[in-house]
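Using the sequences and the accompanying hints, generate a full structural model.
Just so you know, the protein sequences line up as chains A and B, in that order.
Numbering-wise, my numbering puts 209 at position 209 of the first sequence, and it's gapless, one number per residue.
When you read off a place in the second sequence, starting at 1, and then add 292, the result is the number in my numbering.
Chain B is faced by these chain A residues, among others (derived, beta-carbon under 10 Å):
(1) F23
(2) E160
(3) D275
(4) A282
Partial list, derived from the structure: chain A residues whose beta carbon lies under 8 Å from chain B:
(5) A103
(6) G155
(7) H247
With beta-carbon atoms standing in for the labels, derived distance ranges:
(8) D536(B) x D199(A): 53 to 61 Å
(9) D440(B) x K43(A): 54 to 62 Å
(10) D80(A) x T544(B): 31 to 39 Å
(11) A539(B) x G44(A): 35 to 43 Å
(12) G462(B) x G26(A): 38 to 46 Å
(13) P617(B) x R220(A): 42 to 50 Å
(14) P617(B) x D199(A): 51 to 59 Å
(15) D80(A) x V328(B): 48 to 56 Å
(16) D370(B) x K241(A): 40 to 48 Å
(17) Q223(A) x D410(B): 56 to 64 Å
No wet-lab data here; the hints were simulated from the structure.
A quick note: this is a predicted structure, and the numbers were derived from the prediction, not measured.
Using N, Cα and C, we set each Cβ at its ideal position, and we do this for glycine too.
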Amino acid sequence: MSVLVNKDSKIIVQGFTGGEGTFHAGQMIEYGTNVVGGVTPGKGGSEHLGKPVFNTVSEAVSATGADVSILFVPPAFAADAIMEAADAGIKVIVAITEGIPVADMTRVKAYIDARDTTLIGPNCPGVMTAGEAKVGIMPGFIFTPGRIGIVSKSGTLTYEAVDQVTKAGMGQSTAIGIGGDPIIGTTTLEAVKLLMADDDTDGIIMIGEIGGDLEIKAARWIQEHGTKPVVGFIAGVTAPKGRTMGHAGAIVSGEEESAEAKKRVMRECGIHVVDSPADIGAKMAEVLGVTA
Amino acid sequence: MNIHEYQGKSILKSFGVAIQEGRVADTPEAAHEAAVELAKETGTGWFVVKAQIHAGGRGKGTVTETGSHGVVLAKGLDEVKDKAAGILGGHLVTAQTNAKGKQVNKVLIAEDVYGPGDSEPKEIYMSVLLDRAKGCNIIMYSPQGGMDIEAVAEETPELIFKEEIDPTVGLQGFQARRIAFNLGLSGKAFKEMTKFVTALYNAYVGCDATMFEINPVLKTSDDRVIAVDSKVSLDGNALYRHADYAAMRDTTEEDPTEVEADEAGLNYVKLDGNVGCMVNGAGLAMATMDIIKLSGGEPANFLDVGGTADAARVEKAFRIILKDPAVKAILVNIFGGIVRCDRVAQGVVDAYRNMGDINVPIIVRLQGTNAQEAKALIDNSGLKVISAVLLKEAADAVAEVLA
Chain A
1 MSVLVNKDSK IIVQGFTGGE GTFHAGQMIE YGTNVVGGVT PGKGGSEHLG KPVFNTVSEA
61 VSATGADVSI LFVPPAFAAD AIMEAADAGI KVIVAITEGI PVADMTRVKA YIDARDTTLI
121 GPNCPGVMTA GEAKVGIMPG FIFTPGRIGI VSKSGTLTYE AVDQVTKAGM GQSTAIGIGG
181 DPIIGTTTLE AVKLLMADDD TDGIIMIGEI GGDLEIKAAR WIQEHGTKPV VGFIAGVTAP
241 KGRTMGHAGA IVSGEEESAE AKKRVMRECG IHVVDSPADI GAKMAEVLGV TA
Chain B
293 MNIHEYQGKS ILKSFGVAIQ EGRVADTPEA AHEAAVELAK ETGTGWFVVK AQIHAGGRGK
353 GTVTETGSHG VVLAKGLDEV KDKAAGILGG HLVTAQTNAK GKQVNKVLIA EDVYGPGDSE
413 PKEIYMSVLL DRAKGCNIIM YSPQGGMDIE AVAEETPELI FKEEIDPTVG LQGFQARRIA
473 FNLGLSGKAF KEMTKFVTAL YNAYVGCDAT MFEINPVLKT SDDRVIAVDS KVSLDGNALY
533 RHADYAAMRD TTEEDPTEVE ADEAGLNYVK LDGNVGCMVN GAGLAMATMD IIKLSGGEPA
593 NFLDVGGTAD AARVEKAFRI ILKDPAVKAI LVNIFGGIVR CDRVAQGVVD AYRNMGDINV
653 PIIVRLQGTN AQEAKALIDN SGLKVISAVL LKEAADAVAE VLA
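Here it is in structure tokens:
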């Protein structure tokens, strides 16, 4: 089954004809993802990468039956674009854009929460179901269809985990990059819940970093309701307090937001925590009894 | 982005928030003139001379060169010049700076607002910030103002209140009233506080702030409510819609190497360790710092070269890392997705040849798109570069060069 996106998803690209949108939509199509069209206001009626372009998301939905949207829209216009997708009835909105003002995201979050839709990101690598749909910017060739689900705040660290899982003789069901901003649509816990309920996922890798309490909340839920093994890693043991480390959300504001504190709680909750990011794949193989 | 007290107050005032009036000066003479004008404008006879640096604890802090505190009272116009001279140009050391302190380039000459009157003045703490878990802004406040709020939270947590603001409708009247009631105010001061809080929240939203801390907010002896200090952080991602605030950035408050890196599009944070690193992606960069620690070193920096790690950027990153004399080795860790590893490898080789004087071992781990070509490129370059493909191999190589 996998989660969020699969081979039957009908995907549109917002910001389709821009530089980023063109490049990544091309990569998605090349991977075999079912991209049914795109949206660029003012360019409706034309064709791009062999797919129809629409002026609005609602037009795109009426014409194509799209249920998933991915956004490559500049930060100043991204909040508006997310709300447009939600208004048009898109069920899964993947916002890649980095650098959206926090105030915009608090409004977007309230808007999304009041509607029947799921936002992934912003500031994320996207969502990918191996062998079926690449709705994001991750390199497709490192994925192998399999039964490990991945939830991560970070882009390249997600790739690292995917690659290690493949090299350890396993493959991926769905990898969800939830994003590194202070306000995001789908939390670690919500992503973990999806994978826990997915029949095609046997084990979950949960990758977090300093700042906020998303991993703690997920860990507590896993302790109570978890039915599959979870391997965890938290980046930023060496990060100094009070400094933002690249991601806007990666800042230690209190003791409980540090990497050490998060890892301690995750271990207490039965998660297989690795100290080195080089051990993520091997630990999952060990827990599941897989030999490469 | 952090800004100075005087800049924060100017933003607050522009949104109708009542403030302690003041004028900024960068020489003792200008400080005297500022005081003369301020006296005309406000009628104040005493003046508060406040060092303008990006750090708290100024009042208790000490200027190394003169022994003056960072916030001093001048009891008359004739004292202002000397008091300002005791602060300007010196290095102010506070609980929030390092031992060297921060050089003071400007002072704020502010009116005295603690004069006697019909009622006792009262200091209040107030901040506005984002509650990440709830996805909304909160106003945090306490009747215990003027002191370290962390100490209040520890000793008397019942005296800290929080008001959550619904992002779709903003601060409501009943919330402003609740805040004023909880602070024990009545009569004119009560009304003044509801006006103050409302204006303060409008300012927070209007200027795209990520944090306001006003400590203290003062209820004066004549029942006005004013901001006596201001600590304001603005959302760097929203500066595109506030060109006037973007111009408030004071790069002398930042690490010069970090400023240089920022101009080159590199996200760099200086740390105190002995192994430099260069990585693509913030999460992987932090994870790489952790690997360095596990391998027996300490990270000398955080450095995210971003998604377009071309040869020029790689070279710039090397130059920035090597400015730090404590660096004994460099770990380059790139997971090529969109970025092609062979291009990064070429960047490493070019940088090495162009710079000519790199005397520390470099470990390069390139994984992902074209990783094998990249490894061959480095192995065949004849340079003193150790190449790795797996993260584990890179970690082992770091441990080896440090041993």
